[in-house]
Amino acid sequence: MAEERRQKQCSVSLPTESMKAMAESVGVGQLQEESCAALSEEVSYRIKEIAQDALKFMRHGKRRKLTTNDIDNALKLKNVEPLYGFQSQEFIPFRFASGGGRELYFYEEKEVDLSDIINTPLPRVPLDVSLKAHWLSIEGVQPSIPENPPPAPKEQQKVESTEPLKVVKPGQEEEGTIQGKSQGATPADGKGKDKGLIRLKPRSTHELSVEQQLYYKEITEACVGSCEAKRAEALQSIATDPGLYQMLPRFSTFISEGVRVNVVQNNLALLIYLMRMVKALMDNPTLYLEKYLHELIPAVVTCIVSKQLCLRPDVDNHWALRDFAARLMAQSCKTFSTTTNNIQSRITKTFTKSWLDDKTQWTTRYGCIAGLAELGPDVIKTLILPRLTVEGARIKAVMEGPVVSNIDKIGADHVQSLLLKHCASVIAKIRPQPDNMEQYRTDYGYLGPMLCSHVMKARTQAALQAQQVNRTTLTITQPRPTLTVSQSGLSGSAGSRTPSIIKVPSSLTLMTPRPGTPSQPSPPATKYIVMATSAGASSTQQVFQDFHSVLHSSHPQGSLSLIGVTLNSMNLHLQPHRSLALFPAPLQPCSLW
Amino acid sequence: MAAVQGGLADTNEEKDIKTEPSSDGFGNNNANDGRVLSTSPGSSASAGINKSATGAPEDQQTLLAVLQFLRKNKLTESVEILRREAGLPEDSPELKGSDSSGAGSGGAAGSGDKEGGDASSLLSRVTISSSANLATTVTSSVTAAGEDQPDVNVVLSAYNQQGDPPLYQVYYSGLKKFIESVLDCHRAELSQLFYPLFVHMYLELVYNNHESEAKAFFEKFSGDQECYYEDDLRVLSSLSKREHMRGNETLMDFRTSKFVLRISRDSYQLLKRHLQERQNNQIWNIIQEHLYIDIFDGMPRSKGQIDAMSGSLAGEGKREANKAKVYYGLLKEPEIELPLDDEDEEAENEEGKPKKKKPKKDSMGSKSKKQDPNAPSQTRIPLPELKDSDKLDKIMYMKEATKRIRLGPDNLPSICFYSFLNAYQGLTAVDFTDDSSLIAGGFADSTVRVWSVTPKKLRKVKSAADLNLIDKESDDVLERIMDEKTASESKILYGHSGPVYGISFSPDRNYLLSSSEDGTVRLWSLQTFTCLVGYKGHNYPVWDTHFSPHGYYFVSGGHDRVARLWATDHYQPLRMFSGHLADVTCTRFHPNSNYVATGSSDRTIRLWDVLNGNCVRIFTGHKGPIHALAFSPNGKFLASGATDGRVLLWDIGHGLMIGELKGHTDTIYSLRFSRDGEILASGSMDNTVRLWDAMKAFDDLETDDFTAATGHVHLQDNSQELLLGTYMSKSTPVIHLHFTRRNLLLATGAYNP
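Chain order of the listed sequences is A and B.
Using full-length UniProt numbering, you'd call the opening residue of the first sequence number 1 and step up by one each time.
Using full-length UniProt numbering, you'd call the opening residue of the second sequence number 1 and step up by one each time.
One or more of the hints may lead you astray.
Unchecked claim - With a straight-line cut-off of 27 Å between C-alpha atoms, the simulated DSSO-like cross-links for lysine-lysine are: (1) Lys241/B to Lys272/B; (2) Lys332/B to Lys394/B; (3) Lys215/B to Lys48/A; (4) Lys536/B to Lys76/A; (5) Lys78/A to Lys536/B; (6) Lys456/B to Lys387/B; (7) Lys132/A to Lys730/B; (8) Lys78/A to Lys241/B; (9) Lys20/A to Lys110/A; (10) Lys176/B to Lys258/B; (11) Lys65/A to Lys730/B; (12) Lys48/A to Lys241/B; (13) Lys132/A to Lys491/B; (14) Lys403/B to Lys387/B; (15) Lys132/A to Lys457/B; (16) Lys215/B to Lys20/A; (17) Lys303/B to Lys177/B; (18) Lys20/A to Lys241/B; (19) Lys403/B to Lys132/A; (20) Lys662/B to Lys65/A; (21) Lys421/A to Lys381/A; (22) Lys457/B to Lys394/B; (23) Lys258/B to Lys76/A; (24) Lys334/A to Lys421/A; (25) Lys132/A to Lys456/B; (26) Lys409/A to Lys353/A; (27) Lys491/B to Lys457/B; (28) Lys485/B to Lys132/A; (29) Lys460/B to Lys132/A; (30) Lys220/B to Lys48/A; (31) Lys76/A to Lys48/A; (32) Lys536/B to Lys491/B.
Claimed, not checked - Quick partial rundown of chain A residues pointing at chain B, CB under 10 Å, derived from the structure: (33) Val12; (34) Glu42; (35) Ser44; (36) Arg46; (37) Asp53; (38) Lys56; (39) Asn73; (40) Pro126.
Treat the hints as calculated values from the structure; they're not laboratory data.
Beta carbons: idealized from backbone N, C-alpha and C, even for Gly.
Produce the entire structure from the sequences given, and follow the hints as far as they go.
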């Protein structure tokens, strides 16, 4: 392999066409083929030489990334005037053009209106270099504080959870299956995982230090307590702190037990809090959650499909909880589903089965549909759309038939609006333009006409969004010429909102890379629930979702990474302010010498 | 022949020479042969034989080729003349014999030798395709100037070169076959030849403008080379034209300096015999001219032993190079009268005085009583006299030393990490003062920043006008001269015009040195926070600088491949240490200030004597540019870290490699021994700090006489046992380490979000 690479190194040189193009750019018209060849060899050699020198500067600059400054310095070594104007920290925005059988990469130099620059407000002054001390190790032991990397990186957690499985294979089989069954809810799920866990238990140490026990107590109390500010802080800690993996089994048990108890007691508020904990755990990048899915997934599914989640089903907004839990479910399907555990297909089966059952209550029905719908447009297309007629008939029976009970009516109403909301966007995408009421009625039955109007609304909204998208991208990407290219492409395709660019299905809005973090510390989920409980569900949801989809579609990859960068740097600045009160105060380094 | 030997000479010049009749041309050439061959060490006895055995066949081949050509063109007269000419001046029976045999067998030179046959047939092919004018020159010169022997010879040698290129592959693969077929014990040793031969043959092809052959040669054999030469091969691969060589200093070095190989006598004899049998002159010439073969008696070395030492740009260090005596002992600590009373007072003030008194006296006594036999004399190089403030500092140091934690495998140091935030990848160098009160950082934006890490803030001295106002007689005059208004936690020093790559505090904390891309080293005052001197001498980036532990002197090294020794009060260097074949990447003073160690991109470490500027040690073994050096506190050992992620330990007295610490996965930028030398800490680009058991590494050492004499090291692969701890930082490459006087480890790096 090395040989191959070397051979490549040997032969790489600039194509002669480039020489021609460059010659033309400086006014030399007809360049002989031989001169081109000679030039290209010479130029290739010189470029390689400069690159090698530039590497030296990179090494001495103690960096891994070669920068334009390194190239400049290498040129200076050779007594060549450095290139001016290529100052870029991240990348050089080369553009590509082809035509007349030629391919060109060029650096677009825009004409800049000086008055524009003068009039634009100055950017924030970058923060000055500062020093911060922390303990990397105390007498040979690395303390698990946020300044240090997580004590057990995800990979290691994974290894720990999978390795011993092979070692302790025989025995304990029965125990594992019993445990799996006793979990209820999703009997098919997590069997393999259960085994792993059961066998692991005797091997892994579950001792928590006093600080960890204190932390656990504080966090769980705050999460289910009454103080919203404290809860936000605790959830933030769960979502970001790196050293939680030892407490993960406790948290997972806490949640699953909590759900079990509170479902029986119909304590809606607590269930919501617990779901938010699940969300926070899933947001924490350092945790290897796979080991605990068998506890978390049943809990989440319970919150989606349980017949009753609150004391007064006619007044309380348990629908919001179902929606939220459904989103969590979809998120975990997306992150954890593999070919071996098949979470998504198993979940889908569970939902469809209970949905198809005629005796299923409206609340469960709602949960099933929500759960399926959150899994994405494809699931909606294959599983929900074909059943619209049947479901419509059922809703019609409740709405127009003899009044059975108020609860049923509310349920049917919610199911209807849910179906309309989710199906409209999908139909808008797959159905050709003219929306005919009658056509819809024949296709989708009772729900047809309403669907039709929703689809039309969705279409106009999409168009509107496209304009918005245009505007937002313009403001964001103005300083970066490359993005304007992708922007023009986007405005063309924005009518149909192509999620493929973003790689996040538009319906799964909660899976965004925490868009609200820098400006608003409280996670968006919080906001959503508060709004939903206070106002009519569907309208606020709509707004919420729109906000997100705008956010999504306005950032193609380039600017997403840009956002990522700012997010990161923001995190960095936020860190010092983060409350470390839960950890024992680190020793003051200065005092030691 | 001559042209091949004087590989650097221009072919065109050769052709010009041929027209000038010089009577002794032929004989002279052979004399050259003899001289060159006799320079080979250990073969002087057989020089004469070599001369006839290797010099003659070369001529023979070319002669035969020409004869063949002439015959083919039916120039029988010329054939006759040439044969006569060839026979006459040499008057050696061998040549005649071979001549006749060549005539008889129709060009199948070296009868029975397959390669020889190949060679001549290839030669004849080239001859046919070669331009007609060459043929005419040959014939005309031969026919017209019948007596003009040198002409013929020169033409032939030029011709010889023309015909050679395709043969290079044959030669090389022939040698490869041979080496692969020899006994295992010799194979490893002889394999060392591959790389230098490969490079020289390639360069020769490139030099003689055989571009396509060079490329083919490279492609065919570059894969066989050891992986640690990959960087050099990359440089080589981009070099395919003769013009390129002119500017490429590294490769010019390769051609002009000799690649050093250490081979046992047995293996060498084997090789020589083979090359003589095969009459493989091309390779023999390269070996004679460009390689220095250091022959030793005894067992051939194993592959592992060879690999441990190889990897540098110019082969291993010669054995003689490491024979000079190095006074690695520490200088006697100056007697300080005051401290004892002082300390006692202090100790009495604190509690637990009986405990503390004893170790203090010990530490004092041990240093002052014994004069280390390996130490240089106190006045070997003139050192600055101690000032009162220095003495005070020494007292402080001793006090601190008594509170020092004894480290060991069971007692690891705590590590405090100083992260530079918002440095935006711009942090390039860091240094701590010895008492750990100040941190200085060099940045890519040309600034130098100094922080105080103690509550004591940094203050400037008052302006001259204000200084006039203060009472110079008062006791706290040193306090009064400081300007309270300027107190701050950090100060920025502006002056450089390029990234600052090296930084070093003076031991008395009054000065700071910084070296930069702009080619200067600057001396800053930490009293006024201004630049005092800009030392200009390096015209290229200065990669590193380091203050002598006794102050006054400092050393700098840079891209110009020279390390310079300066004194702070001289604007010109006192010594220039030149010898490295590539950039000097790091510099370090020996604890006794008598020696300077430099690490280089040529993958060697050199130790220089400050007194006379001689290179007293060459350490080879690293496989990448060296970026970190550290002397052990007792001055006996040196640790080095490189881009290959390995730490190597060296015994300075014996000039031996004594340990290899594997574990890091990226460039090591910092190395530091604990104050008592028990622990070695290494910081790397891979975001880790690792602690190694230095005591064990040095104790396990067996330095028997044989090892010392031959320099053959047996390295145990015990890195894992020696590794005491690995501490990962959060995406922060560790670029500097420092042990406080109490053995707390400080690490620094810039956080890269």
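We went through each hint and held it up to the structure:
| no. | hint | in the structure |
| --- | --- | --- |
| 1 | Lys241/B to Lys272/B | violated, 32 Å |
| 2 | Lys332/B to Lys394/B | holds, 13 Å |
| 3 | Lys215/B to Lys48/A | holds, 17 Å |
| 4 | Lys536/B to Lys76/A | holds, 17 Å |
| 5 | Lys78/A to Lys536/B | holds, 19 Å |
| 6 | Lys456/B to Lys387/B | holds, 23 Å |
| 7 | Lys132/A to Lys730/B | holds, 13 Å |
| 8 | Lys78/A to Lys241/B | holds, 19 Å |
| 9 | Lys20/A to Lys110/A | holds, 24 Å |
| 10 | Lys176/B to Lys258/B | holds, 21 Å |
| 11 | Lys65/A to Lys730/B | holds, 18 Å |
| 12 | Lys48/A to Lys241/B | holds, 14 Å |
| 13 | Lys132/A to Lys491/B | holds, 16 Å |
| 14 | Lys403/B to Lys387/B | holds, 25 Å |
| 15 | Lys132/A to Lys457/B | holds, 16 Å |
| 16 | Lys215/B to Lys20/A | holds, 25 Å |
| 17 | Lys303/B to Lys177/B | holds, 18 Å |
| 18 | Lys20/A to Lys241/B | holds, 22 Å |
| 19 | Lys403/B to Lys132/A | holds, 26 Å |
| 20 | Lys662/B to Lys65/A | holds, 24 Å |
| 21 | Lys421/A to Lys381/A | holds, 13 Å |
| 22 | Lys457/B to Lys394/B | holds, 22 Å |
| 23 | Lys258/B to Lys76/A | violated, 31 Å |
| 24 | Lys334/A to Lys421/A | holds, 22 Å |
| 25 | Lys132/A to Lys456/B | holds, 17 Å |
| 26 | Lys409/A to Lys353/A | holds, 23 Å |
| 27 | Lys491/B to Lys457/B | holds, 10 Å |
| 28 | Lys485/B to Lys132/A | holds, 25 Å |
| 29 | Lys460/B to Lys132/A | holds, 24 Å |
| 30 | Lys220/B to Lys48/A | holds, 22 Å |
| 31 | Lys76/A to Lys48/A | holds, 15 Å |
| 32 | Lys536/B to Lys491/B | holds, 24 Å |
| 33 | Val12 | holds, 9 Å |
| 34 | Glu42 | holds, 8 Å |
| 35 | Ser44 | holds, 7 Å |
| 36 | Arg46 | holds, 9 Å |
| 37 | Asp53 | holds, 9 Å |
| 38 | Lys56 | holds, 7 Å |
| 39 | Asn73 | holds, 6 Å |
| 40 | Pro126 | holds, 7 Å |
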